[in-house]
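*Asks:* One-letter residues, chain by chain:
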Amino acid sequence: MDQTRRGVLKGAGTAGALVAAFATGALRPADVFAAWNKSAFDAKSTADALKAMNITSAADSADIVIRAPDIAENGAVVPIDITSKIPGTQSISLFVEKNPFPYVGTFNVAPGAEPYVHVRVKIGESSNVRAVVAAAGKHYQTVKEVKVTIGGCGG
Amino acid sequence: MGDPMKIRARLQGDVADVRVLMAHPMETGQRKDPSGKVIPAHFIKEIRAELNGKPVFEAQISQAVSRNPVFAFRVKGAKAGDKLRITWEDNTGDKRTDEITVGG
Numbered sequence: 000m001d002q003t004r005r006g007v008l009k010g011a012g013t014a015g016a017l018v019a020a021f022a023t024g025a026l027r028p029a030d031v032f033a034a035w036n037k038s039a040f041d042a043k044s045t046a047d048a049l050k051a052m053n054i055t056s057a058a059d060s061a062d063i064v065i066r067a068p069d070i071a072e073n074g075a076v077v078p079i080d081i082t083s084k085i086p087g088t089q090s091i092s093l094f095v096e097k098n099p100f101p102y103v104g105t106f107n108v109a110p111g112a113e114p115y116v117h118v119r120v121k122i123g124e125s126s127n128v129r130a131v132v133a134a135a136g137k138h139y140q141t142v143k144e145v146k147v148t149i150g151g152c153g154g
Numbered sequence: 000m001g002d003p004m005k006i007r008a009r010l011q012g013d014v015a016d017v018r019v020l021m022a023h024p025m026e027t028g029q030r031k032d033p034s035g036k037v038i039p040a041h042f043i044k045e046i047r048a049e050l051n052g053k054p055v056f057e058a059q060i061s062q063a064v065s066r067n068p069v070f071a072f073r074v075k076g077a078k079a080g081d082k083l084r085i086t087w088e089d090n091t092g093d094k095r096t097d098e099i100t101v102g103g
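Just so you know, the protein sequences line up as chains A and B, in that order.
Everything in the first sequence is counted per numbering that gives the first Met the number 0, starting at 0 for the first residue and increasing by one.
Everything in the second sequence is counted per numbering that gives the first Met the number 0, starting at 0 for the first residue and increasing by one.
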């Protein structure tokens with residue numbers, strides 16, 4: 000298919016759907032969580048992304064555990080497990096600091112779920128992976144370094 | 000509408016260990032095809048999970064998530080026979096919902 004036409008159609012489709020959703024005011028009746036934070040996802044640094052999410056300070060915490068490989072042979076698929084032992088954990092946000100767009104996403108934990116998430120992410124180059132947990136109006140963070148060997152020799 | 004998700008929910012006591020595999024290209028919008036044109040971004044933006052109609056897990060994600068994304072999370076207070084429904088929506092407005100029965 001013609002690439003330009005496809006892009007235009009896709010763009011139009013997204014914009015149209017969004018406008019319709021906002022106009023009816025019923026984006027998601029069952030949705031009790033925040034909307035997709037475009038400015039945070041578009042941020043080119045972790046600091047900017049945090050600012051866009053209104054997170055001004057996050058205390059370092061040993062109660063957040065990031066389980067990720069120290070050395071990832073394939074940066075396209077890096078498995079990451081995050082567990083928070085902080086009581087009242089509401090959400091877990093993940094950042095890969097050296098990616099072009101560091102903000103990977105936020106996982107909202109509803110009351111009744113355990114603060115644990117597993118996700119596989121792309122990591123462009125060796126980078127710190129940062130998890131920010133929101134609990135009872137406060138923010139906590141922890142950082143883990145992941146080295147990426149592009150060559151795949153296991154380094 | 001993409002391919003069906005693979006969802007697995009394993010009960011450990013009253014906690015359901017949920018794993019889900021979604022079929023999606025998760026295109027970043029940074030890559031180029033062989034002729035040098037940028038491949039447009041195409042990625043899942045939002046994921047929602049409901050247990051018997053009650054939201055239990057929700058995520059907003061970006062293109063940094065790997066292609067054919069795998070997620071795992073845990074839901075407390077689940078029992079055999081509960082309906083677990085997972086929905087994703089991507090940046091083109093495409094959606095898919097799949098439902099399984101826990102422990103079934």
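Quick caveat, the hints were computed from the structure, so don't treat them as lab data.
Just to be clear, a hint being listed does not mean it is correct.
[Said to hold, decoys possible] Simulated pairs of lysine-lysine, BS3-like, Cα-Cα distance not exceeding 25 angstroms:
#1 K94(B) x K5(B)
#2 K53(B) x K31(B)
#3 K82(B) x K5(B)
#4 K84(A) x K31(B)
#5 K137(A) x K75(B)
#6 K53(B) x K82(B)
#7 K43(A) x K31(B)
#8 K84(A) x K78(B)
#9 K94(B) x K37(A)
#10 K143(A) x K84(A)
#11 K43(A) x K36(B)
#12 K137(A) x K43(A)
#13 K50(A) x K137(A)
#14 K36(B) x K82(B)
#15 K50(A) x K143(A)
#16 K143(A) x K97(A)
#17 K31(B) x K97(A)
#18 K37(A) x K84(A)
#19 K53(B) x K84(A)
#20 K5(B) x K75(B)
#21 K37(A) x K97(A)
#22 K78(B) x K37(A)
#23 K43(A) x K84(A)
#24 K53(B) x K75(B)
#25 K37(A) x K50(A)
#26 K37(A) x K146(A)
#27 K82(B) x K94(B)
*Asks:* Would the pair K143(A) and K84(A) pass a check requiring their Cα atoms to be no farther apart than 25 angstroms?
*Replies:* Holds, at about 17 angstroms.
*Asks:* Under the criterion that the straight-line Cα-Cα distance not exceed 25 angstroms, is the pair K37(A), K50(A) satisfied?
*Replies:* 12 angstroms, holds
*Asks:* Can the restraint linking K84(A) and K31(B) be considered satisfied, given a maximum Cα separation of 25 angstroms?
*Replies:* Violated. K84(A) to K31(B) sits at ~42 angstroms, over the 25 angstroms cutoff.
*Asks:* Has the given pair, K94(B) with K37(A), been kept, meaning a C-alpha gap of at most 25 angstroms?
*Replies:* 19 angstroms, holds
*Asks:* Has the given pair, K53(B) with K84(A), been kept, meaning a C-alpha gap of at most 25 angstroms?
*Replies:* It holds: about 24 angstroms lies between the C-alpha atoms, which stays within 25 angstroms.
*Asks:* Hint check: K37(A) vs K97(A), CA-CA at most 25 angstroms. Holds or violated?
*Replies:* The given pair, whose Cα atoms are some 19 angstroms apart, holds under the 25 angstroms limit.
*Asks:* Holds or violated: K31(B) and K97(A), Cα atoms, limit 25 angstroms.
*Replies:* 20 angstroms, holds
*Asks:* Given the hint that K53(B) pairs with K31(B), test it: the Cα-Cα distance must not exceed 25 angstroms.
*Replies:* It is violated: about 41 angstroms lies between the C-alpha atoms, which goes past 25 angstroms.
*Asks:* When you check the alpha-carbon spacing of K43(A) and K36(B), does it fall within 25 angstroms?
*Replies:* This hinted pair holds, its Cα atoms lying about 23 angstroms apart.
*Asks:* Can you confirm whether the C-alpha distance between K43(A) and K31(B) stays at or below 25 angstroms?
*Replies:* Distance of about 20 angstroms is within 25 angstroms: holds.
*Asks:* Can you confirm whether the C-alpha distance between K82(B) and K94(B) stays at or below 25 angstroms?
*Replies:* 19 angstroms, holds
*Asks:* Does the structure keep K5(B) and K75(B) at a Cα separation of 25 angstroms or less?
*Replies:* 21 angstroms, holds
Hint check: violations occur at hints 2, 4, 14, 18, 22, 23, 26; the rest are consistent with the structure.
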